[in-house]
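Peer 1: Chain by chain, the residues run as shown.
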Amino acid sequence: MMNFLLSLKNSLKRLLRGRSSLVIGLYGPPNAGKTTLANKICKDWIGEEMGTVSPIAHETREVKVKEKVCIKTETGKELMFNLIDTPGIATRIDYEDFMKAGLPEAKAKKRAKEATKGVIEAIKWLDDVDTVVVVIDATQDPYSQVNVTIIGNLAARNIPVLIIGNKVDLKRASLKRVKAAFPQYAVVGISAKYGTNMNDFYEALAKVTE
Amino acid sequence: MVTLHFVPHHEIASLTSVGRIRKLLSIAKENKIVLLEGRLAKEEEAELIKATMEEINKDFKGIELAVIKPSAGQLRGFERIKTEVVSFFLGDNAGLTIIGPASVVKSIRRDPHKIELLTREAAKK
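The listed protein sequences derive, respectively, from chains A and B. According to the numbering used here, the first sequence is numbered sequentially starting from 1. According to the numbering used here, the second sequence is numbered sequentially starting from 1001.
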């Protein structure tokens, strides 16, 4: 009953905004693999990538939109949506960190400035998404306050959430730790880079948007 | 030297959301670690991050944020209802919110049972 009401509310919200497409946002901290996942989804279903990835944090500094992504799961569920790839949400941005990663000072300062704007833009977009995929680096501490804040904020807005523990191909990854941190949410472990477990991800995505 | 600035819940209870965020951020910008009794609303926490990003400059690099809150799952029956009613009318004053300026606090590690605050001075040693 609760799920039905939630789904009805989200449909009405879309209708009031004058659009029928479902909007799915990829959120999470910097370098969790949001753009890698966005690229994998787009390559799987559209045949083209969405953005560039980099080992230096805050590579994505603007919200990117890919319209009319249509997926079909192995169990026959179809889902059409607009995919939003957002800049990583952070509470601190220091250009000196980018310099330590090898960028020259001018570029590091520019990147820091753009990154702050990107975080603001990502938070503003929370008003326009219907479902959120929170991408967490499964090798990192899942209790980071950024994760807790994003997920808490989504819960307060009654936005359905799917949590992805990414980078499960790495030895340090612990999906168990991610699941323990967010026991009330569906959690799927994937490696967006190598396409591991993507079918489970698509099934879970179809389920959470029902 | 690290300065801790305690903010009792009643000091922010009557302020607007913007007022609360401005007050907490202005303390953090003085390089003090804010210990707020209770927590901000979830929407206010996101707004705090947004406001922090707007304030970042060469001197202010942002914040580290952590919230310690007794889990709702630990409360049962009447205690849980009482807590929710009090929170609804008076704001959420259970738990503790830590807001540390990034120039002072290197990282805050948190799990359900403990919280570790690593300052930049400690990290240098």
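The hints are simulated quantities; they were obtained by calculation from the structure and are not laboratory data. Just to be clear, a hint being listed does not mean it is correct.
As the list claims (entries may be wrong) - Every beta carbon over 12 Å from chain B, so not counted as near; a handful from chain A, in silico:
hint: 1; residue: 95
hint: 2; residue: 117
hint: 3; residue: 120
hint: 4; residue: 123
hint: 5; residue: 126
hint: 6; residue: 145
Stated by the list, open to error - No farther apart than 27 Å at their CA atoms in a straight line, the calculated lysine-lysine pairs in the DSS-like style are these:
hint: 7; chain 1: B; residue 1: 1061; chain 2: A; residue 2: 117
hint: 8; chain 1: A; residue 1: 124; chain 2: B; residue 2: 1061
hint: 9; chain 1: B; residue 1: 1114; chain 2: A; residue 2: 109
hint: 10; chain 1: B; residue 1: 1106; chain 2: A; residue 2: 171
All values reported here derive from a predicted model rather than from experimental measurement. Think of the CB as a built atom: it goes at the ideal place given N, C-alpha and C, for glycine as much as any other residue.
Peer 1: Does each hint fit the structure? Answer for all of them.
Peer 2: Status of the hints after comparison with the structure:
Here residue 95 of chain A does not stay apart from chain B, with its beta-carbon only about 8 Å from theirs, under the 12 Å limit. Non-interface call for residue 117 of chain A relative to chain B: violated, since the shortest CB-CB distance, roughly 8 Å, does not exceed 12 Å. Remark: the non-interface label on residue 120 of chain A conflicts with the geometry, its nearest Cβ contact in chain B lying 5 Å away (cut-off 12 Å). Listed as outside the interface, residue 123 of chain A is inconsistent with that label: its C-beta sits roughly 5 Å from the nearest C-beta of chain B, within the 12 Å cut-off.
With a cut of 12 Å on Cβ distances, residue 126 of chain A falls inside the contact zone with chain B, its closest approach being about 7 Å. Listed as outside the interface, residue 145 of chain A is inconsistent with that label: its C-beta sits roughly 5 Å from the nearest C-beta of chain B, within the 12 Å cut-off. A threshold of 27 Å between alpha carbons decides the hint, and for residue 1061 of chain B with residue 117 of chain A the separation of about 14 Å falls inside it, so the pair holds. Between residue 124 of chain A and residue 1061 of chain B the alpha-carbon distance is near 21 Å, which keeps this suggested pair within the 27 Å criterion.
Restraint check for residue 1114 of chain B and residue 109 of chain A: the C-alpha separation of about 35 Å exceeds 27 Å, so the hint is violated. At roughly 26 Å between alpha-carbon atoms, residue 1106 of chain B and residue 171 of chain A fall within 27 Å of each other, so this suggested pair holds.
In summary, the numbered hints that this structure violates are 1, 2, 3, 4, 5, 6, 9.
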